[in-house]
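Turn these sequences into a full structure, and let the hints steer you where they fit.
Heads up: the sequence lines are chains A and B, in that order.
Sequential numbering of the first sequence, starting at 1, is according to my numbering.
Sequential numbering of the second sequence, starting at 1, is according to my numbering.
Simulated from the structure, these hints should not be mistaken for laboratory data.
You can trust all of the hints, since none of them are fake.
Here are some, though not all, of the chain A residues that point toward chain B, as calculated from beta-carbon distances under 7 Å:
{"no.": "1", "residue": "V152"}
{"no.": "2", "residue": "A160"}
{"no.": "3", "residue": "D303"}
{"no.": "4", "residue": "G308"}
{"no.": "5", "residue": "G309"}
{"no.": "6", "residue": "G315"}
{"no.": "7", "residue": "K322"}
Where is the CB? At the ideal position from N, CA and C, for every residue including glycine.
Each chain is listed here by its residues.
Number of protein chains: 2
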Amino acid sequence: MKEVNLVLLGYGRVGRAFLELLHEKRGDCRERYGIDFRLAAVYRREGGVVPGTGFYPESKIGAGWGTAMEYPRLLREIMPGTVIQCIVSDPESGQPGLGMMQAALEAGWHIAAADKGPLVAGPGVLEEAARRKNLKLKISGASAAALPALDVAVRSLAGATILRIEGILNGTTNLILTSMGEGMDYTAALRDAQRRGIAESDPSRDVTGMDTAFKLLLICNAACGTELSFSDIEIQGIDGLPPDLAEQAKKSGKALKLFGRMTRAEGAIRLEVAPAAVGPEHPLFAVRGTEKGVTFTTDTMGDITVIGGRSSPRGAAAALLKDIIDIHKAD
Amino acid sequence: MKEVNLVLLGYGRVGRAFLELLHEKRGDCRERYGIDFRLAAVYRREGGVVPGTGFYPESKIGAGWGTAMEYPRLLREIMPGTVIQCIVSDPESGQPGLGMMQAALEAGWHIAAADKGPLVAGPGVLEEAARRKNLKLKISGASAAALPALDVAVRSLAGATILRIEGILNGTTNLILTSMGEGMDYTAALRDAQRRGIAESDPSRDVTGMDTAFKLLLICNAACGTELSFSDIEIQGIDGLPPDLAEQAKKSGKALKLFGRMTRAEGAIRLEVAPAAVGPEHPLFAVRGTEKGVTFTTDTMGDITVIGGRSSPRGAAAALLKDIIDIHKAD
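Okay, here's the thing in structure tokens:
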């Protein structure tokens, strides 16, 4: 049995879902993978807490923030395992996640991240730091969560050249467009998504296409070995669409989707986010509601499409756990 | 640059496609993965041949069979790398592949296999031998080739429990059923698939559901840690279906497919192969012609569907190359 220390950064919806999942799956990880995960500490902006010997919910998480030793010191004092990064960071500065991830790598810890900010802010920076120290930086939780877009792109398409990527990468916008196809107007569809706890009260990062662009960027950089930046992406969201576009698409047998696309033209890679109406022959036509999907077009393997994966904090937590198992399991 | 010796077993359609692909992708593998693949020898039943310093087509493959040193001796005399197993073996005895794969593991070689026979004949036998010697046995090429069914099941769903697997795993039967949905009778649809080089002259392994059962078995055993046997599967093929079943399905807006299914009932795993008509709400409804697809239902990640992957010797070769890169690339 291999003991692996975990440090969780962030105690929001994803962080809490991760603790719950870890508690539920701990015995399973011992049996199936021979890994005994130990939660050494949880940090949020107010400071850290050391859980008891058990896991959430037995542990005292929820009280005692600030009683754990300082984060950088803890990293140095115990056997390095994996830092799980769920604190939401600013996509321009990458902070506070960037500094905390750099500290983790510096102290010899692997990272599994659900936070996009630090990865988007400095493409290649953390990847290079991890490579230098022979550590793993896994970002499924930040790119498409339980939809295995990165695994397929990086591992299953190894040796193939990816000619094109086309994905529905944001569940909130896809739900809004699905509702609009059924006759709701944009405002009603957005409110409905908010009422169901899917769209946030400030939905701008989703509806402007920014979240789709972030995920497209992370997938493209990992899959194609590029170091493109957010500013390289042409972005059009679903706010400000002609009001009956989705309904009209539906009437002509099509469906309106917000796509993130990577295309190649004369050797150059182009990234864009834009809505488009597609017919039933399109591999992502049937991706409805909060579902996500992505199609990779390759030179040797044809088209490969991946659809599904729960869009929820639990789905993101499951993606984090998957990455952590991948980091630590014997090959 | 890491030099890796390869030994290819088999020189049929997949073996030749693999040599072509390796020749085409060799420079790419050096650049992207830092691996320099060296083809040490190719064996078929008549004996082996050592290619020149180059690869197919520069090498002298096609002539000189029997001039290479004996297979087990070569395995011992050079630095172990990966043996690529493409010789078609008997699914009951597993031979001749089983013996050749055991010899490879014995001598410290990893294996990438496109041949199902040895894996189906003795579930767990080669897996256990590989584990004991800390070697890798990769079987994407034998299970669903370029469709990344195994990668997703084993890696992307790590930590999740797979509750159900449902797959269209055989391109030939799916093509026949697609044609029958458009009004062709079974015999005409089969002849058409044969004329197009997709169905073999003896199509029994496909149309009786046996090939689907083999792939289902390999996916289930790898994904769920079971050691089930071929005899555990209830199999119904598409030969002997009521003549207008596919057309009737189409008329009512459905599509007839041949499914391989794993279900769980009261803790027990059940495997079956059987045709079923499904409607547009089914995630594999749109899988047409020679395409394949598989849906995994999980406890934590929801449903994840993978569709596509070229069904051809080149697709199988690409799956072998992917597995070999996975074996040898630095993590």
